[in-house]
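Note that the protein sequences, when read in sequence, are chains B, D and Z.
Its first residue numbered 1, the first sequence is counted upward by one per residue in this note's numbering.
Its first residue numbered 1001, the second sequence is counted upward by one per residue in this note's numbering.
Its first residue numbered 2001, the third sequence is counted upward by one per residue in this note's numbering.
Keep in mind that the hints were calculated from the coordinates and are not lab data.
A couple of the hints might just be wrong.
[Unchecked claim] Only some residues are given here: those of chain B computed to face chain D with a beta carbon under 7 Å:
hint	residue
1	Met-1
2	Ala-5
3	Ala-7
4	Pro-269
5	Gln-272
6	Glu-275
7	Thr-315
8	Lys-324
9	Cys-359
10	Asp-421
11	Asn-441
12	Phe-460
Just so we're clear, the structure is a prediction, and the values are computed from it rather than from any experiment.
Ideal placement from N, C-alpha and C gives every residue a C-beta, glycine not left out.
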Amino acid sequence: MWEYAPAPESRDIANLKPSYRLFVDGEFVEGAGEPLKTINPATEEVLAEVSTADKNDVDRAVKAARRAYDRVWGKMPGAERAKYIYRIARMMAERSRELAVLESLDNGKPIKEARDVDIPTASAHFFYHAGWADKLGYAGLGPDPKPLGVAGQVIPWNFPLLMAAWKIAPALACGNTVVLKPAETTPLTALVLAEIIQQAELPPGVVNILPGAGDVGAELTNHAGVDKVAFTGSTDVGKLIQRSLAGSGKKLTLELGGKAANVVFDDAPLDQAVEGIVNGIFFNQGHVCCAGSRLLVQESVADEFLEKLHARITTLRIGDPLDKNTDVGAINSREQLTRITELVATGEEEGAEKWVSPCPLPDKGFFFAPTVFAGVSQAMRIAREEIFGPVLSVLTFRTPDEAVAKANNTPYGLSAGIWTDKGSRILWMANQLRAGVVWANTFNRFDPTAPFGGYQESGFGREGGRAGLEAYLDV
Amino acid sequence: MAAPSTASVGLPPALADATRDETSLRRFLHGLPGVDQVGVEQRAAGLATRSIKKASKLWAIDTAISMIDLTTLEGADTAGKVRSLCAKARRPDPDRPEAPRVAAVCVYPDMVAIARTETAGTGVGVASVATAFPAGRSSMRVKLADTEQAVADGATEIDMVIDRGAFLSGHYGRVFDEIATIKQACGDAHLKVILETGELVTYDNVRRASWLAMLAGGDFIKTSTGKVSPAATLPVTHVMLQAVCDWHTQTGDHIGVKPAGGIRNTKDAIRYLVAVHEVAGEAWLNNKLFRFGASSLLNDLLMQRRAQLEGHYSGPDYVACE
Amino acid sequence: MSERLSVAKTYKLYIGGAFPRSESGRSYPVRDNKGGFLANAAHGSRKDIREAVVAARKAFAGWSGATAYNRGQVLYRVAELLEGRREQFIAETAASEGSNAKKAQSIVDAAIDRWVWYAGWSDKVATVLGASNPVAGPYFSFSVPEPTGVVGVLAPQSSSLLGLVSVLAPVIATGNTAVVVTSQDRPLPAITLSEVLATSDVPGGVVNIVTGRTAELAPWLASHADVNALDLAGAPAAMRAELEAAAAGTVKRVLRSKAAEPDWTTPPDLSRLRSFLETKTVWHPTGV
């Protein structure tokens, strides 16, 4: 009856250029690698051509970072480093709408999320870390902790600019220089960040950005001139990197996959719990390492809860990411869409009951309707493997112990959610859950002051807060 | 607590059981799921970012106009003031007769007769506040007389206040009885129950009071008298919309919701309509089940309506003051 | 062609975000270090102090209730505006303190950088000074630092900008609000600072600045029952004991210092951040 008219954010502000280049030693330069075309997953149109790095470009960038470290950045007083990083933070805030629209175009996520979450959190991350640059002696890591040198960083496609911020900001604050490879399907906002870094007059070579695919990442992480490697991405690739770095002496931090349990008890504030489950798995189309991809609901409220959940999911709007009213955007790539589809098929084969939102989907682009599987058991693939899409697996439990056992029954350990009105139960569950991030009566909350990272095969090391500084210091 | 009123006839067993006595009522109300403050406020804020444009905006403006209970509740009200209010209710935009009429006018009981005369034959309802509005601090005898006077003078709707003192001290049975009694005195008039959410303070209380009002037979639950701050807010209205939605799931009946006070402009009004749409559902997007208690809102809606139709921003001189 | 006459500035108080004159109607001449006339400053009275404390109290709930991130952003914005007025501050500091241009420049640069340093502490104090307490029982216990409330600050007498910034920034970075009695003979940089505060996003009442005779105003601040803490940095040496005694009347937290002014260019430690914080310890059982 009441159709919201299309409310598109203007595309023009993204300032899209036909081609983008590497950022090395303070300049934008052509790379010698095979250029890639980055597409808009909502329409499958080509957005731009992006030059990529080859082996020599990687070498040049690492050497530039080393020179900048030895001659300028490694010696610069923290208070001066701080002021550069503050500039970057403030300029990101000034160009926030441009960055948000570009991110939405390149990644497929709704403009609402890019605008309200990704970009502000990225800018805040720089702002927070700027303040640590001249206060490292207070971080509990020794009176005068030193940086490591050159950091090689590889980031994923799900939160392109935010992941760049999570990597670059602490590295710089601690006095390191950086060579960063953005994901193959989402290079654009990192390269606009490079522009901002240039405008902030950051000394050449302190930050270098190399677009490219997995081969460039491997080249970078294995380069002898890199002292520290940071990787966020799939567990499989994380293991490869850890193996290849074995014996090299390079410091490593990994932030990998997850299969988080969102646990709903019978005394949960039910309507807000529904919101939390929805946010947990459909925020960013479920392309979130810490997504609440398993719902563990207490059996006594399971039916009522599922009914409310289905009703709420039905109101989610899937469509044009640039429409301000879109709740769920496009799947980032055809590859990812295929993965999701295959895993969903296994769910049906293995006997789970599938429910799909009746929402209309656009007829082009990579889209997947929110899907809920009930009657899932821990033995099924959809309960064990990370789908990385808008698919929720629902299991039930009877007692808190059983909830804990099921929640922990995974080699992953990134995050978990607890929904109950009882304070002591929240704290007891938080103690028991083997996860690096526990959200109680909320989900997907990120703040630069709060450390983030996982247990076991979800990786090691933390990002954010005082704990996150450790990764970039020689301590 | 008095014997179960007609309100509990026809209720599903679990709900009828709750109205058996005050102990059962308390157990039921305290057994409702809690409301997490941060969670509900975040959802309300999230829905407030919906961007409603063009045809959907014009529809929303017209719908909002048709949902207004055009209100004057001042000590200084006179016959002249009420006449002028009713003239506006009949014809909100002097230059655009096709603009929708408001749903009702809302006045004090001693102004009902005049309002009735001035709205005769127009389809615009006459809502009267009652039960020692706004404080509700008087005897049942006085509150009943207040109501009966208004009904006798022709009020088609009664906006009563609950006894907040009784609610906050846990005397849910007394609150229930008062509502049930006033409902009987209403006759054919429909009953809106004002919870005065600003005095209830917590969302848990708002949820409980909403259920209490519905169990006791209210036709509408209303946020505020408009005399206390905070009056209507989006999160409070969310909680009430969720309550009427849950009530419908359990009983099949539709109860209406009316936010009142503090809704000043079109942007606010559209946010409320989005909340109605996405929390309760399309069935509530009409003036049988949703009202705005407002006075200055109408002129802003009319100016925005003109802006949509004429393509340029309007000004206050182009809409009538009362 | 004759030289253009400048428009001379009136130096008023800064209370509750506005610039009133002293309710006493008094003023006093401010001179440079050669005795030359600079300007008339408001000669603040005990009633001005009273109004300032009311404003500071009113602003406390909002300022302490803002997120630390928000306070950090607001303070950083102040630094941006200080930087924008760099030349003005250099001229004013040089005139107030009798320093040459080069010295004044380094003072102003240090003051701006000091302000940036404290802005960056706002969202880190809780991490560094707070703790989870591993109590010997099935409880989750944590301690958080909270701002104490309204802080009365007697600003340094000699260092009229760098010293002022060094005592004021840590007070408000942690969420307290301030009533500042400026240097008696060198009040002008403080007033210009208040213009910066008024045009940045600092809410009115968070900082209140009163110029006048320190010996006259200090006792009223020290004994005021609605002031939670007192910073004696600029207190006259002979009065310090008396002020501490007055503060004892309501058990104020008192930050003492040596009568001789320190070298404000020395990088600060955490002590000024710690001085105006209360530690709140919370316990909650853990259990199913």
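Right, here's what the structure says about each hint:
{"no.": "1", "hint": "Met-1", "in the structure": "holds (5 Å)"}
{"no.": "2", "hint": "Ala-5", "in the structure": "holds (4 Å)"}
{"no.": "3", "hint": "Ala-7", "in the structure": "holds (4 Å)"}
{"no.": "4", "hint": "Pro-269", "in the structure": "holds (4 Å)"}
{"no.": "5", "hint": "Gln-272", "in the structure": "holds (3 Å)"}
{"no.": "6", "hint": "Glu-275", "in the structure": "holds (5 Å)"}
{"no.": "7", "hint": "Thr-315", "in the structure": "holds (5 Å)"}
{"no.": "8", "hint": "Lys-324", "in the structure": "holds (4 Å)"}
{"no.": "9", "hint": "Cys-359", "in the structure": "violated (13 Å)"}
{"no.": "10", "hint": "Asp-421", "in the structure": "holds (5 Å)"}
{"no.": "11", "hint": "Asn-441", "in the structure": "holds (5 Å)"}
{"no.": "12", "hint": "Phe-460", "in the structure": "violated (31 Å)"}
Consistency with the previously given hints fails for numbers 9 and 12, ordered from lowest to highest.
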